[in-house]
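> Given next are the chains, with one letter for each unit.
There are 2 protein chains.
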Amino acid sequence: METAAVASSGAGRRIMVAVDEGEESLHALNWCLANVVSPAGGDTLVLVHARRPRPVYAAMDSAGYMMTSDLLASVERHANAVSAAVVDEAKRVCADHPHVKVETMVESGDPRDVICDAAAKMAADLLVMGSHGYGFIQRAFLGSVSNHCAQNCKCPVLIVKRPKE
Amino acid sequence: METAAVASSGAGRRIMVAVDEGEESLHALNWCLANVVSPAGGDTLVLVHARRPRPVYAAMDSAGYMMTSDLLASVERHANAVSAAVVDEAKRVCADHPHVKVETMVESGDPRDVICDAAAKMAADLLVMGSHGYGFIQRAFLGSVSNHCAQNCKCPVLIVKRPKE
Numbered sequence: 001m002e003t004a005a006v007a008s009s010g011a012g013r014r015i016m017v018a019v020d021e022g023e024e025s026l027h028a029l030n031w032c033l034a035n036v037v038s039p040a041g042g043d044t045l046v047l048v049h050a051r052r053p054r055p056v057y058a059a060m061d062s063a064g065y066m067m068t069s070d071l072l073a074s075v076e077r078h079a080n081a082v083s084a085a086v087v088d089e090a091k092r093v094c095a096d097h098p099h100v101k102v103e104t105m106v107e108s109g110d111p112r113d114v115i116c117d118a119a120a121k122m123a124a125d126l127l128v129m130g131s132h133g134y135g136f137i138q139r140a141f142l143g144s145v146s147n148h149c150a151q152n153c154k155c156p157v158l159i160v161k162r163p164k165e
Numbered sequence: 001m002e003t004a005a006v007a008s009s010g011a012g013r014r015i016m017v018a019v020d021e022g023e024e025s026l027h028a029l030n031w032c033l034a035n036v037v038s039p040a041g042g043d044t045l046v047l048v049h050a051r052r053p054r055p056v057y058a059a060m061d062s063a064g065y066m067m068t069s070d071l072l073a074s075v076e077r078h079a080n081a082v083s084a085a086v087v088d089e090a091k092r093v094c095a096d097h098p099h100v101k102v103e104t105m106v107e108s109g110d111p112r113d114v115i116c117d118a119a120a121k122m123a124a125d126l127l128v129m130g131s132h133g134y135g136f137i138q139r140a141f142l143g144s145v146s147n148h149c150a151q152n153c154k155c156p157v158l159i160v161k162r163p164k165e
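Protein chains in written order, with full-length UniProt numbering: chain A, 1 to 165; chain B, 1 to 165.
Bear in mind the hints are in silico, worked out from the structure with no lab data behind them. Honestly, I wouldn't trust all of these hints.
As the list claims (entries may be wrong) - Distance condition first, Cα-Cα at most 20 Å in a straight line; then the derived DMTMM-like pairs of lysine to aspartate or glutamate:
no.	chain 1	residue 1	chain 2	residue 2
1	A	Lys91	A	Glu107
2	B	Lys154	A	Glu23
3	A	Lys154	A	Asp96
4	A	Lys154	B	Glu24
5	B	Lys91	B	Glu24
6	A	Lys121	A	Glu107
7	B	Lys154	A	Glu24
8	A	Lys121	A	Glu103
9	B	Lys121	B	Glu103
10	B	Lys154	B	Asp117
11	A	Lys154	B	Glu23
12	B	Lys121	B	Asp110
Turn these sequences into a full structure, and let the hints steer you where they fit.
The following block contains the structure:
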């Protein structure tokens, strides 16, 4: 049967969850913990986060002057702090589910590539993500990250939307 | 918490699986049974199938003559037979999982509308589908059914690809 290669519930699956600074990705993580992860234990949750690469225009300020190395370092520090906060919050959510082993993976780059590459590299059995991560502007120009992953990742992709209040 | 409205594993979730004549949708169904449906029972699986509406050109044959009512009836019979076979096969797969309650739902129409409407009407907690159902031609003109559902259904959408041999 086609499912022979897929571990059955609780038999040590690697479930990857893409986390970003939007609350939708936290909702996706919660949904996955409540509905997909085996309550009997044995699954590994891999939290993957794409840290934005330093944008090109960051090398100059708005007046066209080169930014000082202090300012560049500050931009970099801010990006790192955001990444750390995102991953810490996701780990905190997972801490309520002690039967799940948690790993984290942070890479710089376009989230579409980071997430698909991570899913392939870690041989994920499932990729879970929100539908609208990574901002309106990026989505308008580059298309939805979740659409890209649903089309390009080899593993099953679960797209979870933010519930309407 | 956002997950409060979502039943936890095994607590009577309604999981909708879109089935068509492609083997990818059978794989999606199998993956769902092995990885999402609670082994403890309590979940309901709703098999939804979109029967193709009779195409407009079916009212005339290639020479432009009106088709006889016999021929129209035969086209209709064939479509019904295909639908019945798809649903029967999916039910047969589910029969190996007696802890799951199975319902079926067959509607005529564009699969994108049929599936999204069904998920809303049945208040599905999750929609599961293959990524490439409903044929190359339709996809080229209308876009992927799974992309449409991932963007437009309110519930989480799990897209399962056919494994590469």
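> So, for every hint listed, does it hold in this structure?
Here is how each hint holds up against the structure:
1. Lys91(A) / Glu107(A): 17 Å, holds
2. Lys154(B) / Glu23(A): Given that 20 Å is the threshold and the Cα spacing comes to 16 Å, the pair holds.
3. Lys154(A) / Asp96(A): 30 Å, violated
4. Lys154(A) / Glu24(B): Given that 20 Å is the threshold and the Cα spacing comes to 13 Å, the pair holds.
5. Lys91(B) / Glu24(B): The hint holds at about 16 Å.
6. Lys121(A) / Glu107(A): Status holds; Cα separation ~13 Å.
7. Lys154(B) / Glu24(A): Cα-Cα ~13 Å, so holds.
8. Lys121(A) / Glu103(A): Holds: Lys121(A) and Glu103(A) sit about 14 Å apart, inside 20 Å.
9. Lys121(B) / Glu103(B): Holds, at roughly 14 Å.
10. Lys154(B) / Asp117(B): 10 Å, holds
11. Lys154(A) / Glu23(B): Distance ~16 Å between Lys154(A) and Glu23(B) Cα, so the pair holds.
12. Lys121(B) / Asp110(B): Holds - the C-alpha atoms of Asp110(B) and Lys121(B) are around 16 Å apart, at most 20 Å.
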